[in-house]
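Residue numbers (our numbering), protein chains in the order written: chain A, 181 to 513; chain B, 181 to 513.
These aren't lab readings, by the way, just hints derived from the structure by calculation. Wrong hints could be hidden among the right ones.
Repeated chains share a single entry, so a pair holds when one copy, or any two copies, can fit it.
To be verified - With a cut-off of at most 27 Å between alpha-carbon atoms, the simulated DSS-like pairs for lysine-lysine come out as follows:
| hint | residue 1 | residue 2 |
| --- | --- | --- |
| 1 | K453 | K428 |
| 2 | K365 | K256 |
| 3 | K199 | K222 |
| 4 | K365 | K295 |
| 5 | K453 | K437 |
| 6 | K449 | K428 |
| 7 | K365 | K255 |
| 8 | K256 | K295 |
| 9 | K445 | K427 |
| 10 | K492 | K315 |
| 11 | K445 | K220 |
Number of protein chains: 2
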Amino acid sequence: MRIAVDIFGGDNAPFAPLKACVCARKAGIAEVIAVGDEAKIKEVAEKEQLPLDGIQIVHAPAVIPVEANPTDITKKYADSSMAVALKLVAQGEADAVISAGSTGAFVVGATLIVKRIRGVRRAAFAPVIPGCDGKYMLVDVGANVDCRPEMLLQFALLGSIYMEKVLGVKNPRVGLINIGTEDTKGQELQVETYKLLKEASLNFIGNVEPRYLSEGACDVAVADGFTGNVVLKTLEGTVHSLFSELKKVFYATPVSKIAALTLKKGLKKLKNKMDYSEYGGSALLGISKPVIKVHGDSQAKTFVKAMEQAIKMEKMNVIGLMAEAVSAAKDKE
Amino acid sequence: MRIAVDIFGGDNAPFAPLKACVCARKAGIAEVIAVGDEAKIKEVAEKEQLPLDGIQIVHAPAVIPVEANPTDITKKYADSSMAVALKLVAQGEADAVISAGSTGAFVVGATLIVKRIRGVRRAAFAPVIPGCDGKYMLVDVGANVDCRPEMLLQFALLGSIYMEKVLGVKNPRVGLINIGTEDTKGQELQVETYKLLKEASLNFIGNVEPRYLSEGACDVAVADGFTGNVVLKTLEGTVHSLFSELKKVFYATPVSKIAALTLKKGLKKLKNKMDYSEYGGSALLGISKPVIKVHGDSQAKTFVKAMEQAIKMEKMNVIGLMAEAVSAAKDKE
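Using the sequences and the hints given, assemble the complete structure.
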């Protein structure tokens with residue numbers, strides 16, 4: 181499998197994505213294509229002693245800034261590393277693409293350049309979040325601020341296939357994020373989506389309050405991109421602030437410091453458990469090829485995990501199955 | 181000040197609210213009126229050795245169940261402890277009311293029985309949440325699932341007055357909960373509300389991502405009830421699950437148990453810090469009298485805190501100031 185990696189996206193670019201390419205190549209995970217300014221890639225590789233043997237470099241002179249208008253990816257920034265990486269996939273020269281760059285530009289670029297699966301209304305970001313009890317997918321987390329019920333139904337279908345095939349969750353339980361469990365709860369979007377999900381060929385378990393997500397209430401938590409993003413960012417903020425508060429408790433006195441040292445291993449493990457980069461990146465569900473966005477501050481390790489994720493998607497024919505499911509749902513309408 | 185307490189609301193009723201009445205009376209905090217089935221109140225008081233001296237009992241034979249249709253509070257459950265407590269306030273026989281019962285019924289009851297401040301479109305629930313860096317008010321957290329921009333503007337006005345007068349925050353910074361900081365971010369509701377808040381007599385600091393709430397990004401975080409509820413419940417769930425995960429780390433080995441013991445005091449303090457019942461209950465902003473909802477699982481301590489909160493609201497003329505602010509904003513329109 182050939183994976184195009186945007187070398188100039190994210191806070192740790194170009195080092196982190198380039199190192200990931202080198203690691204993946206060395207481990208024989210995949211054929212990697214490093215996309216970006218060739219001279220700069222070679223310069224960094226030499227400086228950081230990263231051997232580029234076996235890595236194909238595809239030159240792209242520009243970089244799309246995070247603050248750029250997302251639609252500029254096909255215009256002003258058509259020669260950016262992100263756009264060129266997406267084009268490689270669109271033209272069949274790569275099978276998957278990974279980037280840590282601008283989220284908005286990546287959604288627009290994937291939709292316009294790589295294109296959606298036939299029948300899919302909108303692509304959705306779907307990170308897999310670790311909870312106390314297993315993990316769950318949150319879909320969408322921001323690709324679509326305004327959603328209609330039919331879009332949420334598709335997110336549920338796509339998310340179920342992903343969880344079953346990529347993460348081995350049998351008959352994934354789909355929940356609709358809502359502020360109460362009764363079918364009359366929520367805004368019009370939730371009330372209408374509830375009806376659609378109930379009728380669909382899905383293991384729909386009803387509304388799920390975000391309070392119970394991390395306790396394993398469902399495997400696929402469906403929401404519009406606004407609500408999903410609010411859940412994700414509240415979660416991130418709370419985990420972050422609790423760990424920083426814990427640090428204060430640990431560093432309070434010499435005795436507490438020693439006690440904390442004893443617990444270090446367990447706490448480190450807990451922190452890793454809460455870190456959702458453990459499951460790679462956010463797959464952009466609904467696009468006709470594996471397109472994976474990793475967090476802006478990702479290190480090489482996360483890029484490698486995302487590559488494994490793309491490989492699993494290909495191996496399990498996830499996109500083929502998604503196309504079938506969407507088409508079958510359409511026939512049912 | 182005379183405070184009516186719904187003795188039959190919440191998971192720990194009637195003991196917790198009744199104990200709170202006894203404590204408050206003993207400490208001379210307020211004149212308390214215990215509302216509920218008189219025979220049962222006397223029975224519990226005797227069994228639990230709670231002296232009822234100085235506590236007025238107002239009989240109400242029924243209890244409104246959590247699953248009841250909220251609008252039934254003025255019909256089928258007009259003789260419930262919650263409805264009767266609200267009526268006492270409406271008739272001027274009490275100055276404030278506290279309940280841990282059904283949230284929906286309390287909103288409807290307060291709106292229909294006690295009534296809103298003149299000019300207020302909707303009442304909103306506004307808990308004060310502890311963060312790492314200070315505290316912030318979240319308004320609304322569920323009284324209004326569907327909101328218009330003008331409602332959010334009023335929430336901001338009411339919330340600012342509360343934070344300034346009750347919690348002593350000077351010139352409170354108002355933030356609009358959104359998925360990005362730019363003024364074009366969010367759904368139509370956020371985009372339109374942004375414009376209104378910018379023009380208002382408020383210390384509006386712009387959009388705030390929920391990621392930064394606990395770091396003290398703002399003092400009053402404004403949202404529609406659906407979004408606010410999602411933030412609150414995600415936050416609650418994350419804190420709960422992190423603490424239960426921590427427990428596992430602490431109880432993992434004999435050595436970790438000893439280490440955890442050393443940290444116990446600091447951790448307990450942290451847990452209390454994260455517990456938003458520390459600030460009492462959620463004031464139902466926009467109602468013409470102090471109406472305070474405490475969490476369903478509240479203990480006596482939280483009821484007492486809520487009484488102190490109601491007293492502070494009265495002492496600082498919070499409702500008078502809110503009426504002025506709403507009227508001034510209306511004149512500006």
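#### Entry: Non-conforming hints, listed in increasing numerical order
11
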